[in-house]
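With these hints in hand, go ahead and build the complete structure from the sequences.
Chains E and R, in that order, are what the protein sequence lines are. Heads up: the first sequence at position 100 corresponds to 100 in this note's numbering, and the numbers run straight through without jumps. Heads up: the second sequence at position 80 corresponds to 80 in this note's numbering, and the numbers run straight through without jumps.
The set of hints was computed from the structure by calculation and includes no laboratory data. Nothing here was measured: the structure is a model prediction, and the numbers come from that model. Be a bit skeptical, because a hint or two may be false.
Footprint (simulated), chain E over chain R, 3 or more residues, beta carbon under 8 Å [to be verified]: (1) 275-287; (2) 361-367.
Taking lysine to aspartate or glutamate and the DMTMM-like style, the derived pairs with C-alpha atoms no more than 25 Å apart in a straight line are [as the list claims (entries may be wrong)]: (3) E/Lys37 <-> R/Glu288; (4) E/Lys58 <-> R/Glu288; (5) E/Lys58 <-> R/Asp287; (6) R/Lys176 <-> R/Glu123; (7) E/Lys14 <-> R/Glu288; (8) E/Lys24 <-> R/Glu273.
All residues carry an ideal CB built from backbone N, CA and C; glycine is no exception.
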Amino acid sequence: MQFEYSIEAGNFTKAGDASSSFKKILKQLNVDPQIIKRIVVSLYEGEVNIVAHANGGKVICEVDPSRVYIQLIDKGPGIPDIPKAMQAGYSTASAKVREMGFGAGMGLQNIKNNADELIINSEVGVGTKLEIIVNLPHS
Amino acid sequence: MDSKHFHHALKISSEICMGCSHCMSVCPTEAIRVRNGKAILYENRCVDCGECFKACPVSAIYIDQDDFVRIQAYNYRIALVPAVFFGQFPEEVTHNQIYNAILANGFTHIYEVEMGVDLLVDEVKAYAKSHPEKKPLISSFCPAIIRLVQVKFPALTENIILLKPPLDITALYCRKELTDKGVNPAEIGVFYITPCAAKIAAIKSPVGEDYSMITGVINMDTLYNKVYKFIRNDRSLNPKQNSYRPLSKTALEWTLTRGEASHVPGRSLAIDEIHNVIEFLEKIENDEIGDIDFLELRACDESCAGGVLLSANRFLVAERLRAYSKAETKGLNKTEGILAYKEYLLRRMNIQSINPRSMMKLDENMEIAMRKMEKSGRMLQCLPLTDCGACGAPNCQAFANDIALGEADIRQCIFIQKNREQTGELSPDESLEMLKSIWGNDKFFSNSK
Chain E
1 MQFEYSIEAG NFTKAGDASS SFKKILKQLN VDPQIIKRIV VSLYEGEVNI
51 VAHANGGKVI CEVDPSRVYI QLIDKGPGIP DIPKAMQAGY STASAKVREM
101 GFGAGMGLQN IKNNADELII NSEVGVGTKL EIIVNLPHS
Chain R
1 MDSKHFHHAL KISSEICMGC SHCMSVCPTE AIRVRNGKAI LYENRCVDCG
51 ECFKACPVSA IYIDQDDFVR IQAYNYRIAL VPAVFFGQFP EEVTHNQIYN
101 AILANGFTHI YEVEMGVDLL VDEVKAYAKS HPEKKPLISS FCPAIIRLVQ
151 VKFPALTENI ILLKPPLDIT ALYCRKELTD KGVNPAEIGV FYITPCAAKI
201 AAIKSPVGED YSMITGVINM DTLYNKVYKF IRNDRSLNPK QNSYRPLSKT
251 ALEWTLTRGE ASHVPGRSLA IDEIHNVIEF LEKIENDEIG DIDFLELRAC
301 DESCAGGVLL SANRFLVAER LRAYSKAETK GLNKTEGILA YKEYLLRRMN
351 IQSINPRSMM KLDENMEIAM RKMEKSGRML QCLPLTDCGA CGAPNCQAFA
401 NDIALGEADI RQCIFIQKNR EQTGELSPDE SLEMLKSIWG NDKFFSNSK
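Here it is in structure tokens:
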């Protein structure tokens, strides 16, 4: 099953809406609560990244009994140096964004810690695509 | 524990219920539907918060209590009375008068529920220190919140502090104190005077405990009426002076909002009222809010002062307790009496882990759940999204899920009915029968009666 959410650039009040909607779906599908937590934490981080850095984007969540596959696709500045962006604490967030409690530079790291797989493709000046995979154990 | 049937103290009297659906629209877990003109409860979704009880205009929803005469079966009849009980009376009524009135109504001993707080408060602090990985810790105080976490936020069950709430500690204490004086345990009846439905449910089917130390439950309004009547009619010139053990300030204010949170070091938040709690837990579950150490969560607005079985206004109750605590507890750090049993009680402070029992799943099997979700999605596209409730479900989404679960028929939607009448797929008679099956026969043709 596939679910798509569009993400509005710069609107932090709505950051988290896609995560909450997809979380509700995972609960209805009887996914293990602790796995839901990992999925939602990754998705939320990705969602906030799009709100904070990109000119909007979308999230496509696919779920089948073996895994959850999430694509976060944005039109944005792109990430010039992916290994650097992966370092804990590295952040390009503005002071304003940091004041709102975002932009601590833990986002990508946090996704990596919670996901089974994280693939980042980015082109400077075009946009970024994050692919997150979380495996579901056989029940 | 997942499979165990949960006791609910909230009951719907089908004789009194007029099927108005007020309860259905306020239920925070969408646990109520209307069928045949009566409200019905999906028991696995109900958390006993009492919102429906407050909303019912004809008092068809009641809280099942033990018969008051049941106390007479015991030689030692203990009333376990929460502090908010005392906050209901006007300022001129003294603590001593209330004690006399409770005893005059058949009890032999009075223990104030919050006596256990002074032991608990240090345990909570120690627990927080030794469980840094489980942050934010969630208080085990409010049983409606524990149930809410189990059914709606299953991933957060492991954040609940596995320590007994004050009620259970004090129940253990009063039994122990009496048996140590040589009383036969079989002669002791411990009756809890409850401010809410959730506490009853927790006693009848305790979560995280094998059994409860409490013999029975009396609704607070029942005792309030008996006590206040006695006080109003009491003309005795020399009322008996009771020696009671005053609560410490911490204990007295524990059940009010911030009563717990103000004692836990770090970033401790207090959130009251069930919708506020749900909104906050949604964010906690997404990890949107980090760095919180402790959450005091209460289902009622103004916490226990707002319990559905209280007779007085919740803001006044809270204000009176705070004023009383300021005036009466000067210099009293610890509640007396219970400290003599500290070792005994501390050894019995833990409860077992609390298991999730998600009510949201459409099926145990994920593939079947997916098929049901697809069906629900298709149904939702046909529905008007007006959330009018005429189908007997609280909103279109809940109705679509009911259809997917095989518990409802799409023709229950009045918009679908109108469409199908137009196309000839449904006769006016069938359409009327459909509505009657939801709202009952007597709501139709009532003008011609």
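Results for each hint:
Given as covered by chain E, the region 275-287 of chain R passes the check, having 5 residues with a CB less than 8 Å from a CB of that chain where 3 are the minimum. Requiring three or more residues with a Cβ within less than 8 Å of a Cβ of chain E, the coverage given for the region 361-367 of chain R holds, as 7 such residues are present. Note on E/Lys37 and R/Glu288: the hinted pairing holds, with a Cα-Cα distance of about 11 Å set against a maximum of 25 Å. Taken as a hint, the E/Lys58 and R/Glu288 pair is honoured in the structure, with Cα atoms around 19 Å apart against an allowance of 25 Å.
At roughly 21 Å between alpha-carbon atoms, E/Lys58 and R/Asp287 fall within 25 Å of each other, so this suggested pair holds. Proximity of R/Lys176 to R/Glu123 is assessed by CA-CA distance (about 20 Å); at most 25 Å being required, the pair is judged to hold. Pair hint E/Lys14 plus R/Glu288 holds up; C-alpha atoms about 12 Å apart against a cutoff of 25 Å. A C-alpha spacing of about 22 Å is found between E/Lys24 and R/Glu273, which places the hinted pair at or below 25 Å, so the restraint holds.
When each numbered hint is compared with the structure, no violation occurs for any of them.
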